[in-house]
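*Asks:* The lines below spell out each chain.
Number of protein chains: 2
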Amino acid sequence: MTKAIIASTSTIHGSTYLEYLLPTLKEHYYNCSEIVFIPFARPSGISHEEYTLIVKKAFSQINIQVKGLHEFDDYSNAIKNAQGIFTGGGNTFLLVSQLYKNNLIELLRTTILAGTPYLGTSAGSNICGLTMSTTNDMPIVYPPSFKTLGIIPFNINPHYLDPDPTSTHKGETRETRIKEFHKFNTIPVVGLREGSWLTVDDKTITLNGNLDARIFECNKIPYEVNTGQDLSDLN
Amino acid sequence: MTKAIIASTSTIHGSTYLEYLLPTLKEHYYNCSEIVFIPFARPSGISHEEYTLIVKKAFSQINIQVKGLHEFDDYSNAIKNAQGIFTGGGNTFLLVSQLYKNNLIELLRTTILAGTPYLGTSAGSNICGLTMSTTNDMPIVYPPSFKTLGIIPFNINPHYLDPDPTSTHKGETRETRIKEFHKFNTIPVVGLREGSWLTVDDKTITLNGNLDARIFECNKIPYEVNTGQDLSDLN
Numbered sequence: 001m002t003k004a005i006i007a008s009t010s011t012i013h014g015s016t017y018l019e020y021l022l023p024t025l026k027e028h029y030y031n032c033s034e035i036v037f038i039p040f041a042r043p044s045g046i047s048h049e050e051y052t053l054i055v056k057k058a059f060s061q062i063n064i065q066v067k068g069l070h071e072f073d074d075y076s077n078a079i080k081n082a083q084g085i086f087t088g089g090g091n092t093f094l095l096v097s098q099l100y101k102n103n104l105i106e107l108l109r110t111t112i113l114a115g116t117p118y119l120g121t122s123a124g125s126n127i128c129g130l131t132m133s134t135t136n137d138m139p140i141v142y143p144p145s146f147k148t149l150g151i152i153p154f155n156i157n158p159h160y161l162d163p164d165p166t167s168t169h170k171g172e173t174r175e176t177r178i179k180e181f182h183k184f185n186t187i188p189v190v191g192l193r194e195g196s197w198l199t200v201d202d203k204t205i206t207l208n209g210n211l212d213a214r215i216f217e218c219n220k221i222p223y224e225v226n227t228g229q230d231l232s233d234l235n
Numbered sequence: 001m002t003k004a005i006i007a008s009t010s011t012i013h014g015s016t017y018l019e020y021l022l023p024t025l026k027e028h029y030y031n032c033s034e035i036v037f038i039p040f041a042r043p044s045g046i047s048h049e050e051y052t053l054i055v056k057k058a059f060s061q062i063n064i065q066v067k068g069l070h071e072f073d074d075y076s077n078a079i080k081n082a083q084g085i086f087t088g089g090g091n092t093f094l095l096v097s098q099l100y101k102n103n104l105i106e107l108l109r110t111t112i113l114a115g116t117p118y119l120g121t122s123a124g125s126n127i128c129g130l131t132m133s134t135t136n137d138m139p140i141v142y143p144p145s146f147k148t149l150g151i152i153p154f155n156i157n158p159h160y161l162d163p164d165p166t167s168t169h170k171g172e173t174r175e176t177r178i179k180e181f182h183k184f185n186t187i188p189v190v191g192l193r194e195g196s197w198l199t200v201d202d203k204t205i206t207l208n209g210n211l212d213a214r215i216f217e218c219n220k221i222p223y224e225v226n227t228g229q230d231l232s233d234l235n
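So the protein sequences, as listed, match chains A and B.
112 is the number that the UniProt record's numbering gives to position 112 of the first sequence; each next residue is one higher, with no gaps.
129 is the number that the UniProt record's numbering gives to position 129 of the second sequence; each next residue is one higher, with no gaps.
Hints in this document: simulated from the structure, not taken from any laboratory.
Certain hints may be false.
Note that identical chains are pooled: a pair holds if it fits in a single copy or bridges any two copies.
When the alpha-carbon atoms are kept at most 20 Å apart in a straight line, the in silico DMTMM-like pairs for lysine to aspartate or glutamate are as follows [to be verified]:
1. Lys56 to Glu19
2. Lys80 to Asp164
3. Lys56 to Glu27
4. Lys3 to Glu34
5. Lys67 to Asp164
6. Lys179 to Glu224
7. Lys80 to Asp230
8. Lys147 to Asp73
9. Lys80 to Glu19
10. Lys80 to Asp202
11. Lys67 to Glu34
12. Lys56 to Glu175
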């Protein structure tokens with residue numbers, strides 16, 4: 001029953017917040033007059049209120065109301081009764097800590113699997129994987145676990161960046177980091193470039209957007225998949 | 001009594017492993033014929049053996065023998081009896097997990113504070129701070145805590161990268177990430193550019209290398225410090 005959009009980023013270069021996704025979101029949330037926004041990831045540390053305002057403005061363009069989860073007295077009821085849910089990007093460690101603190105991990109999982117339309121961008125997409133262990137974020141707070149929702153049977157690396165062959169920087173490339181992950185984990189990883197998203201429709205997972213994605217499987221050479229391709233069998 | 005070198009990176013562009021630091025290390029380890037190398041961070045997932053070979057080769061140029069910690073039967077005794085210690089870079093989550101698993105955090109701290117000459121590069125420098133929360137690494141394993149050695153009264157961000165004004169990528173800049181850290185933590189952060197290092201000599205902490213460093217303090221505008229400057233009062 002799952003209906004989820006798992007996007008690499010909220011914003012692509014040269015456009016406004018969620019602009020590139022609005023036509024898709026209009027369809028995705030076609031029977032929602034209001035959605036619940038989870039602002040816990042707080043990009044750049046902005047407040048829940050500030051973050052929710054940005055989201056309200058974007059969704060007003062497709063005539064959908066937005067209410068921040070922090071505006072509800074009972075978070076669990078808000079999730080259970082939501083017509084649609086959106087978790088925005090920011091810091092994944094903070095997001096996951098807050099979800100655990102408020103006992104929302106299992107509830108969010110079952111609600112999404114039961115069919116409440118879900119959108120995640122960046123950190124909000126990271127949590128759809130089996131673990132948050134392929135986030136790019138800085139560990140600014142210590143969550144009780146790295147285990148996440150498992151809406152999909154693999155992990156996401158959002159904002160996936162190809163190695164820059166001209167770089168003189170000695171920090172690890174994204175590919176090196178994911179290779180290190182696979183020394184200790186067998187979970188496949190989808191490197192989602194900015195502007196790409198996964199559409200989950202019941203048991204079918206499809207790559208969408210203009211770009212190809214890079215797939216990392218344990219003990220395999222990484223490979224590209226074309227947009228439009230079915231990823232349902234990746235696990 | 002502390003004698004530590006806390007370096008941004010092991011390797012700078014266009015030179016071999018540790019090459020730029022060798023003259024400094026010759027002085028630093030002047031009374032050591034052999035040092036103990038902690039290979040737990042395993043860059044790119046290489047084995048302890050492979051990693052130690054790279055380090056042996058570098059140190060052979062200044063006539064210092066290297067023994068990997070994994071070669072000892074008793075890790076605690078190896079640390080206690082070391083003439084000098086070096087922790088190499090790689091994945092900080094893995095390094096910290098292994099240090100906790102082997103009960104070495106407190107012992108390493110007291111050994112370094114008692115005067116055993118220490119070198120850290122990258123992940124091995126991250127652990128000298130109060131927490132590992134300003135690492136750039138991917139959380140490939142879940143450590144029991146983010147608390148680290150606290151050899152210095154602040155945190156390190158190694159491989160510090162200035163924002164690229166021409167970038168179209170929407171992932172967070174390093175400065176944005178550290179700003180998020182300071183929404184939840186008051187610990188100052190030293191952004192150490194590649195080729196820079198801190199020298200800790202008893203209570204005195206000095207910035208060395210060719211480059212300036214960028215300092216991030218909670219609720220302050222980030223600022224630059226020149227190489228050669230004393231950072232002992234940053235806390």
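*Asks:* Go through the copies and call it for Lys80 and Asp164: within, between, both or neither, with a Cα cutoff of 20 Å.
*Replies:* neither (44 Å within a copy, 42 Å between copies)
*Asks:* At most 20 Å between C-alpha atoms: does Lys56 with Glu27 qualify within a copy, between copies, both, or neither?
*Replies:* For Lys56 and Glu27, the Cα distance is within 20 Å only inside one copy (17 Å; across copies 60 Å).
*Asks:* How would you label the pair Lys80, Glu19 (within, between, both, or neither) given a Cα cut-off of 20 Å?
*Replies:* So Lys80 and Glu19 fail the 20 Å test inside a copy (28 Å) and across (59 Å) alike.
*Asks:* Using 20 Å as the alpha carbon limit, work out where Lys80 and Asp202 are close: within a copy, between copies, both or neither.
*Replies:* within (19 Å within a copy, 57 Å between copies)
*Asks:* At most 20 Å between C-alpha atoms: does Lys67 with Glu34 qualify within a copy, between copies, both, or neither?
*Replies:* within (7 Å within a copy, 63 Å between copies)
*Asks:* Using 20 Å as the alpha-carbon threshold, which applies to Lys3 and Glu34: within, between, both, or neither?
*Replies:* within (16 Å within a copy, 60 Å between copies)
*Asks:* Up to 20 Å between alpha-carbons, please classify Lys56 paired with Glu19: within, between, both or neither.
*Replies:* within (13 Å within a copy, 54 Å between copies)
*Asks:* How would you classify Lys67 and Asp164 at a CA-CA limit of 20 Å: within, between, both, or neither?
*Replies:* Result: close neither inside a copy nor across copies, 40 Å intra and 35 Å inter.
*Asks:* Between copies, within a copy, both or neither: which fits Lys147 and Asp73 at Cα up to 20 Å?
*Replies:* neither (26 Å within a copy, 34 Å between copies)
*Asks:* Give the relationship of Lys80 and Asp230 under a CA distance limit of 20 Å: within one copy only, between copies only, both, or neither.
*Replies:* neither (30 Å within a copy, 56 Å between copies)
*Asks:* Have a look at Lys179 and Glu224 and pick one of within, between, both or neither, based on CA distance no larger than 20 Å.
*Replies:* within (16 Å within a copy, 34 Å between copies)
*Asks:* Can you give me the call for Lys56 and Glu175, within, between, both or neither, at a CA distance of at most 20 Å?
*Replies:* neither (35 Å within a copy, 27 Å between copies)
Going down the numbered hints, you'll see the structure goes against 2, 5, 7, 8, 9 and 12, while the others check out.
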